[in-house]
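Chemist: One-letter residues, chain by chain:
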Amino acid sequence: MKSEQSQKRKILVCCGPGCLAVGGREILQELRTKVAEAGADIKVEPVIKGTGCHGLCEQGPIVRFLPEDISYCRVNLADIDEIISQTVLQQKVVERLLFTDALTGRRVSSQSENSFYKKQLKIALRNTGEIDPLNLDDYLERDGYRALAKVFSQMDPGAVIAEVEQSGLRGRGGAGFPTGLKWRQCARVDNFPKYVICNADEGDPGAFMDRSIIEGDPHSVIEGMVIGAYAVKAHRGFIYIRDEYALAVKTMLEAIRQAEARGYLGRNILDSGFDFSLEVVRGGGAFVCGESSALMASIEGRVGEPRAKYIRSVERGLWDQPTVLNNVETWANIPPIILRGGEWFNRIGSEKSKGTKVFSLVGKVKNTGLVEVPMGISLRELIFDIGGGILNDREFKAVQTGGPSGGCIPADMLDLKVDFDSLAAADSMMGSGGMIVMDERTCMVDTARYYIDFLTEESCGKCSPCREGLKRMREILNDICSGSSRPGDIEILEEIAGMVRESSLCGLGKTAPNPILSTIKYFRDEYDEHVNKKRCPAGICRELTTFIINSEECNGCGLCKKNCPAEAISGESKAPHVIDLSRCTKCGNCIELCRFNAITVK
Amino acid sequence: MENLKDGDFTAQAESILQRYPREQRFALAMMQDFQKEYDYLPREAIRRIAGYLEVPPGKIYSLATFYKAISMEKKGKYIIKVCDGTACHIRSSTWIIEEIGKLLGIKPGGTSADGRFSLETVKCLGTCALAPVMVINDEYFGSLTVGKVKKILQRYGGRADEE
Ligand SMILES: Cc1cc2nc3c(=O)[nH]c(=O)nc-3n(C[C@H](O)[C@H](O)[C@H](O)COP(=O)(O)O)c2cc1C
Ligand code: FES
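Chains as they are written, first to last, in this note's numbering: chain A, 1 to 602; chain B, 1001 to 1163.
Keep in mind that the hints were calculated from the coordinates and are not lab data.
Yeah, the Cβ is synthetic: ideal placement off N, Cα and C, and Gly gets one too.
Take the hints with a grain of salt, since some may be wrong.
[To be verified] Pairwise CB distance ranges, derived in the manner of DEER restraints:
| id | chain 1 | residue 1 | chain 2 | residue 2 | range |
| --- | --- | --- | --- | --- | --- |
| 1 | B | Glu1073 | A | Lys92 | 35 to 43 Å |
| 2 | A | Tyr310 | B | Glu1037 | 47 to 55 Å |
| 3 | A | Glu495 | B | Asn1137 | 29 to 37 Å |
| 4 | A | Glu543 | B | Ala1011 | 41 to 49 Å |
[Said to hold, decoys possible] The calculated lysine to any residue pairs, modelled on SDA-like cross-linking and capped at a C-alpha distance of 25 Å, are:
| id | chain 1 | residue 1 | chain 2 | residue 2 |
| --- | --- | --- | --- | --- |
| 5 | A | Lys309 | A | Asp320 |
| 6 | B | Lys1151 | A | Lys471 |
| 7 | A | Lys233 | B | Lys1151 |
| 8 | A | Lys562 | B | Thr1094 |
| 9 | B | Lys1107 | A | Ser482 |
| 10 | A | Lys34 | A | Val44 |
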């Protein structure tokens, strides 16, 4: 009796990567201890669960109460007594712990009132943040493995593929290849054994969608993979997880063990006669291993170098056998598609990009976090409605999408609809879903250099256009950022970029020039200013930056002086301050801190 | 073979190797297990893996140098990982890295002379909301500033006062 009721009362403590870093696990422990102590006083004892990411990482640690749907943010250990006495014992809201809506400035208690959640639609993240990832029953309670049961009882492999084709699902790992078509191509090949692979290498710097799914809802990926394997008649699968993701590896291993124990993996799954086993492979920390052929080489125990694209992995993939490789989020979308039908999925999204996409919305945006939105939503809605706008209400400058292969989209394109094709048309790409918001204090040349640096380090070196071209482009960008560039350098940069794009072996090289080309296209003035005037307008490139304090605006509050690590700022209290340029290291601390916009870039 | 005691090492190595069938595809996993145990991959481990898999040591060596997850240098007691993912980069992680380097006298990838600190950069710790972020062993430090870094290192008994 009690247990039936208590199923309904829940306290969900976010243990996503952001909240863990600020003590989510300790909050969970403390709540458990204190609720147990309060024991007899509580009429209906809640179930307390550690869950995956709730999305609004900016405000962690987050604790949510169901069925009341009250969310608290920035919860401290010191808040727990009050939470117990008010919310747990009396169902009362502790006002000061509520979220402040970044748009309206009002305190909101439920997710449905919060602008951050209003425009979101969760399919891939349907369970993330809602369930204990390591409790299989939680997953089952939310329709888990029902799609698999449906497949075995009602669908032959052809019907599964047809359903996925009808959904219009395109791969979420970057290129947006139609998933159903990939499966059909593999199913057609009469060569066994076949394999399925989940790409959880997530190498883009600034992206954490895939790990959030694995850490928050591992069974959705497993279920998707069993269904995919059934469709192409594969009996073995691999999940290639990025080396740094220790928690994701652990969570997935445990989920696989549970699925095996309960008959969702292994021999004769759900008495269907179908066998499928799944293994976790830890990645080796090389970005290029996220590329499909390099990833397969890595699983085989070889150096992770890609091969030429004309060999198709649906025909000759892992150990030269037909292989379907999909991204984590792609797999997680499969069970709902099967359960609710391809037609349902096809109605969501834009004309050629169906369904939703998960983004990590980060950078200079107020609501940093994990979001899932229907394809076709505008950048403006994403950044200003969901994201709450730019940090410190500065000017929006650009948003970077698509990781190192992507590009930067400027302010006058904020109404762009986010989907595979429109992003590509804007010289960026969807990529795996990193969305990095930049403001006036972000230098676009430095941003290009950042990605080129990254790619130069990560180029496997097998083909020379990529290896040498990247090095050369890095040199030129370094020159531009350090003030030793010459007129004409931008044109040389464009020329090399074109060559690298045309003649590299794999996707890494072919797309490597994108960060350069898109920033030159949209921010040519900023490049010119670096080259011709030796000035970095954002105040980021050290050699090209001089900070000055405008004596008319400065009221002498002393904040910059107190916080200057180089002790380069002086001035009497309430009188304008000055920067000693000979000591200034150009770290930009002062300009970030000043509340009166008194510090500018000369 | 530095300070690995031979007998212990042999027993440890055997137990790691025995976790896996003798197939090349497990070479990386074996290296990662060694690294977990010793914080780096001792050269002797490469020999043992090669022996176990019956392949030339050069083959294992080339894997070890290709994969960034594998380090063949011994690391410090405190491993400082500063995030230089995109979100952290545009919130000035460069200065954080530089400041730590200055305070400890090491470059990213290096270990301080006294063997106490290693400095590494990583790409996205998944905590972009806290950018710029670093982790020292398992402890996270967010919203870093150059000033904060100094204080944090002091807590670890760093060379924070080198003037
Ligand atoms: C250099 C490079 C890195 C890549 N990294 C990833 C990655 O980290 N994760 C991923 O899912 N796909 C990555 N991809 C894309 C994969 O090659 C592949 O297209 C994708 O995983 C297929 O899955 P999907 O059809 O479900 O998107 C990368 C591609 C390239 C060229
Ligand atoms: S970019 Fe640093 S934590 Fe994500």
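Chemist: Now tell me, hint by hint, if it's right for this structure.
Modeler: We went through each hint and held it up to the structure:
1. B:Glu1073 - A:Lys92: 35 to 43 Å: violated (56 Å)
2. A:Tyr310 - B:Glu1037: 47 to 55 Å: violated (43 Å)
3. A:Glu495 - B:Asn1137: 29 to 37 Å: Check failed, 47 Å falls outside 29 to 37 Å.
4. A:Glu543 - B:Ala1011: 41 to 49 Å: violated (56 Å)
5. A:Lys309 - A:Asp320: Given that 25 Å is the threshold and the Cα spacing comes to 14 Å, the pair holds.
6. B:Lys1151 - A:Lys471: Violated: lysine 1151 (chain B) and lysine 471 (chain A) sit about 37 Å apart, past 25 Å.
7. A:Lys233 - B:Lys1151: violated (58 Å)
8. A:Lys562 - B:Thr1094: Satisfied, since the Cα-Cα distance of roughly 22 Å is no more than 25 Å.
9. B:Lys1107 - A:Ser482: Holds, at roughly 20 Å.
10. A:Lys34 - A:Val44: Judged against 25 Å, a Cα distance of about 15 Å means the pair holds.
Checked against the numbered hints listed earlier, the structure breaks hints 1, 2, 3, 4, 6 and 7; every other hint is satisfied.
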